[in-house]
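**Student:** Chains A and B are the protein sequences, given in the same order. No gaps in the numbering here: position 161 of the first sequence is 161 in the working numbering, and each next residue is one more. Add 320 to a position in the second sequence, counting from 1, and you land on the number used in the working numbering.
Calculated from the structure, these hints are not laboratory results. Just so you know, nobody snuck in bad clues.
Below, a list of computed lysine to any residue pairs in the SDA-like style, where the Cα atoms sit at most 25 Å apart: (1) Lys382(B) <-> Val438(B); (2) Lys707(B) <-> Asp91(A); (3) Lys453(B) <-> Gly77(A); (4) Lys569(B) <-> Val181(A); (5) Lys569(B) <-> Leu165(A); (6) Lys453(B) <-> Gly73(A); (7) Lys588(B) <-> Asn152(A); (8) Lys731(B) <-> Asp83(A); (9) Lys569(B) <-> Ser264(A); (10) Lys411(B) <-> Met285(A); (11) Lys707(B) <-> Asp83(A); (12) Lys505(B) <-> Leu165(A).
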Amino acid sequence: MPLGDFTPLLARPARAGRADGTATASRRRRQTGGLSAERLSPFVLIAPAVLVIVLFRLWPLLLGVNFSFTGDGERNGAAVGLDNYAELFADPLFLGALRNVGWLVLLLPVAVAIPGTLATFIYLRVPGHRFYRSVYFFPAVLSPVIVGSIFNLLLSFDGPVNSLLEVVGLGPVDWLGDSDVALFTVLGVHIWATFGMALVVFLSGFATLDPALLDAARSDGATLPQVIRHVIIPGLSRTIQFVFVTTMIGMLTSMFGLIYVMTSGGPGGSTYLPEYYIWIQQGQMNRPAFASAASTVLFLVMLVVGLAQVSFLRRTGKED
Amino acid sequence: MKQRALWSVAVAATLALAGCGSATGNAPSSEAASGKLVVWDWKSSDKTATAYVEKAKADFAKKHPGVAVEFVAQPFDQYYTLLGAAIQAGKGPDVMMFNGGGQIRDRVDALVPLDQYVSPDKPRLAGWDAFTKDGKAFASPVTLQGHPIYFNKDLYKKAGLDPQRPATTWSGFTADCAAIAKATKATCFALGNKEGAGIQFFLSAFGSGILSPQEYDDWIAGRRDWSSAHVKQIFQLWKDVEDRGLNSKGGNSTTMFTDAFGIFQSGKATNIIGLMSDIGHWKDFNEFLGPDNVGVMKSPVVNEGTTPSLPFDGGIGYGVAKWTKDPALAADLVRSLTSTEALTAFYTNAGAVVSDTTVKAAEPAVTALVADLKTGKPALHVALSSKTIELMGRLSQQILDGSVTVDAALKQLGESDRS
Numbered sequence: 001m002p003l004g005d006f007t008p009l010l011a012r013p014a015r016a017g018r019a020d021g022t023a024t025a026s027r028r029r030r031q032t033g034g035l036s037a038e039r040l041s042p043f044v045l046i047a048p049a050v051l052v053i054v055l056f057r058l059w060p061l062l063l064g065v066n067f068s069f070t071g072d073g074e075r076n077g078a079a080v081g082l083d084n085y086a087e088l089f090a091d092p093l094f095l096g097a098l099r100n101v102g103w104l105v106l107l108l109p110v111a112v113a114i115p116g117t118l119a120t121f122i123y124l125r126v127p128g129h130r131f132y133r134s135v136y137f138f139p140a141v142l143s144p145v146i147v148g149s150i151f152n153l154l155l156s157f158d159g160p161v162n163s164l165l166e167v168v169g170l171g172p173v174d175w176l177g178d179s180d181v182a183l184f185t186v187l188g189v190h191i192w193a194t195f196g197m198a199l200v201v202f203l204s205g206f207a208t209l210d211p212a213l214l215d216a217a218r219s220d221g222a223t224l225p226q227v228i229r230h231v232i233i234p235g236l237s238r239t240i241q242f243v244f245v246t247t248m249i250g251m252l253t254s255m256f257g258l259i260y261v262m263t264s265g266g267p268g269g270s271t272y273l274p275e276y277y278i279w280i281q282q283g284q285m286n287r288p289a290f291a292s293a294a295s296t297v298l299f300l301v302m303l304v305v306g307l308a309q310v311s312f313l314r315r316t317g318k319e320d
Numbered sequence: 321m322k323q324r325a326l327w328s329v330a331v332a333a334t335l336a337l338a339g340c341g342s343a344t345g346n347a348p349s350s351e352a353a354s355g356k357l358v359v360w361d362w363k364s365s366d367k368t369a370t371a372y373v374e375k376a377k378a379d380f381a382k383k384h385p386g387v388a389v390e391f392v393a394q395p396f397d398q399y400y401t402l403l404g405a406a407i408q409a410g411k412g413p414d415v416m417m418f419n420g421g422g423q424i425r426d427r428v429d430a431l432v433p434l435d436q437y438v439s440p441d442k443p444r445l446a447g448w449d450a451f452t453k454d455g456k457a458f459a460s461p462v463t464l465q466g467h468p469i470y471f472n473k474d475l476y477k478k479a480g481l482d483p484q485r486p487a488t489t490w491s492g493f494t495a496d497c498a499a500i501a502k503a504t505k506a507t508c509f510a511l512g513n514k515e516g517a518g519i520q521f522f523l524s525a526f527g528s529g530i531l532s533p534q535e536y537d538d539w540i541a542g543r544r545d546w547s548s549a550h551v552k553q554i555f556q557l558w559k560d561v562e563d564r565g566l567n568s569k570g571g572n573s574t575t576m577f578t579d580a581f582g583i584f585q586s587g588k589a590t591n592i593i594g595l596m597s598d599i600g601h602w603k604d605f606n607e608f609l610g611p612d613n614v615g616v617m618k619s620p621v622v623n624e625g626t627t628p629s630l631p632f633d634g635g636i637g638y639g640v641a642k643w644t645k646d647p648a649l650a651a652d653l654v655r656s657l658t659s660t661e662a663l664t665a666f667y668t669n670a671g672a673v674v675s676d677t678t679v680k681a682a683e684p685a686v687t688a689l690v691a692d693l694k695t696g697k698p699a700l701h702v703a704l705s706s707k708t709i710e711l712m713g714r715l716s717q718q719i720l721d722g723s724v725t726v727d728a729a730l731k732q733l734g735e736s737d738r739s
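Looking at chain B on its own, in the form it has when it is part of the complex:
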């Protein structure tokens, strides 16, 4: 009997253990002392980034000929899990890539403040805010990421509208959408909210047309009033757009990356809130629609007295790990990775809007984007913690399928943002 009991405990324990295996991975140790720097990112294996990495390596080799640099490209969907394991172990890559905003701010404990090393780059590069916490910069920006509203000029022409002058007010914008829907059956927006990213894009793209400039700046500065009428208006608009049938169907089961982009590229939707760099950006859309058919606009004015602006931040950047042997050396590699020459190659091959303000743009959509950078402001959603972002994603899905009211969602978001 006793044996049986023991046996059953052993079986149960084995079952349970199989259910929760260890999550820690192996982290390579830092090898800076032996003349080698290890870089983690999710970009260097892309074909479009090859020239960029080569240029950066060459620049660094000029300054430090004896130091080898190894790029380890991790899969993006596993990146922060692997990085978390490395941080937990207190050893890993010397230099690592980060998304701006919550992803880096949550992990600054593992990073070296770079201000003293990269100060000469400060005026040349834009997008530092997304990598800054408590006044210290923890990474140098490589690309800029923002959320312009792209539109399909061809559909405007088919509906007899002037694609050079899209509407600048919300009522005009929806009237255009109605006209295009009537003429071409294209929906107003391509929406992908399966990952919960749709609401982030929506909040940032239309925020500047709804919030007053003062409210906008307060939001970015951390003084966010989730119970204010204008914040509620943003989320109400999110619901209304769906209820009025302006979104492509099944937004909650459509991925933003990349099904929603596919809907826009195939001409089934007139507008999409896209990105500036990486994917879902002007270069991707140019390939499908042709460079002359891709238009860019800022948010229409929803409320009088607002000044719509392009929401953008630092997109991705490189930071230096706390455990590296020689932070100055690693910071030099970060400087090489943000050199004008390397970033020019990144812009040319990958179509990323890079942080370097001296890189010249050529094509129509990107010229319009770069022109808007001067008046642009940080995106609203980037100011939120990753915990609140995740909650907002879930609540946005529930708002769409009607299982949560806008008021209840805002109450939860306010609580999450304050904690």
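For reference, chain A alone in the conformation it holds in the complex:
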């Protein structure tokens, strides 16, 4: 029984630590003078990092939140209480932007399943897997502006994609000009542009998978779906969780460039995300305080999502 050997090994250093602790304590009583410096040193050592965080992160954040309670334009600088927030939550455009965030969260499984499936195929050595591995990663090195421009050309109403659809006999789709379609088009392009990174993470996860399990499953006569369902997915659970978290962060923070280039938030505001809304209010509407209020709301949304993800990660970490 390996467990029987294991427990005393763990217990020993703990006991030793305790014995050591009493010794230090008695030493402390003897030389208090030198000890205050020793006690202070950790604080001195972390001071630069804390100062940087407080000065350049927390303090501006507080200023921004404070700024969101002031007015714009004629009421510039005056305290307006919660007026900005009341207006924000009465604005259908902002609510639409939040709803679109909801769509992103709902479509997250798709964004994770695509690189997961493709990585599985590469791992199972489909013909040409080396080629695919590099090709899949390629879009990840392109900037969103370039990706957006490429797809603007491809997806324009008289563009090649629609010509192709017409040849097949399907009517043209206004990919970026129909408010029911545009958000999913942009999201699809975002997934295309970023799934390479997740694919690499999946492949490194596969490297830790025990090939003996796969061989065993195969020799037991498992089909491909069965192998995926019962061997690969359980074996990769931590990798899948990690990809979920990073993909979510990517969707919430780095779609601005694509939206800016591909739809400018349109048509009819259907592709607005909070980031884009903030930018419009600050830059185009000249309402920095109102934009601060929107930023504060985005901050809270991110805080909730971030905390949920951290606790999710911790819980799944315990299972192992």
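Please arrange chain B on chain A, whose structure you already have, making use of the hints.
**Tutor:** The following block gives chain B in isolation, referenced to the frame of chain A:
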């Protein structure tokens, strides 16, 4: 456990902070006292504006030899964001360029009224209204911006129509379009509404053919009745034009700047509501279609009893920042930037229709434009706030794809305009 909780908060905070970085940029401080004026604009880096800037600088150097002038060209799509940061900080350029209308009116708090400095220029320059708020002028106009309807004379000829006399009524206009579409497959309009600009151009170009002169003047004066039958007719026409297939396809995903202009320039559309200055204007179209094939018309008469006019306003202008050390000196630079000599250079090189009424025009399309300036009126959309303009852009896209009715859109616009 406590450590873990702290750690998780720290991670979450970092994530969140990464999501909303600070938006303020660095603003250079005003240096007028040390004999230097800083100008912000988005034009001075254009090759076509080089001669204009040189002429203006030379004129200013004659009057104030000791004062250096530095032009800082900002990218246009970032311009008002950067300017907003400068205004927030209370320091920045001494002289800055503005678009007429909402963009300057929203920011007059940061500007010096120029009337006392530029009064000698008032009779010579046109387009002051777009830079005026509460009776005070906050910038001197450099160019005039308007929305003439350009048409392709070549397509008219191919369809057997007389390009010298385009139709003057809406029914005649659409009949011409139908004839041209039959003969050449060109659509009636090139439409780009991805930025929501298409509706602005449409409203202003056809407004004078739909609203009565009284209604038009009331609109400009701020008495806008969004529930009136004629205002509704404009937006209904916007929808009908799309429904009848008169627009180029996919207007909501086509940019006005510059895909829609490209459609017109390649002869795939007969008409386009263009601009007078900057881009999408006669000079651009001349290059592709040839000066003899670019025609200009005013709105056809949609309703009896209307008098179509050319919608135009001051396009871009220079204003003086409140924080400048010596407003009179900065205003003198604005005067140099609007001198006849400088503006002549701007017209010649950039093809802009400049504010100076004494600059002589030469080519056919621009001659027609300049002739219409006398009877022209301010454009309808320029009178709206940037907030209402932005809303109108979004609603116009929704009207086109059918997700909002004309009535619902007008109700929202009326509410936005009143607030």
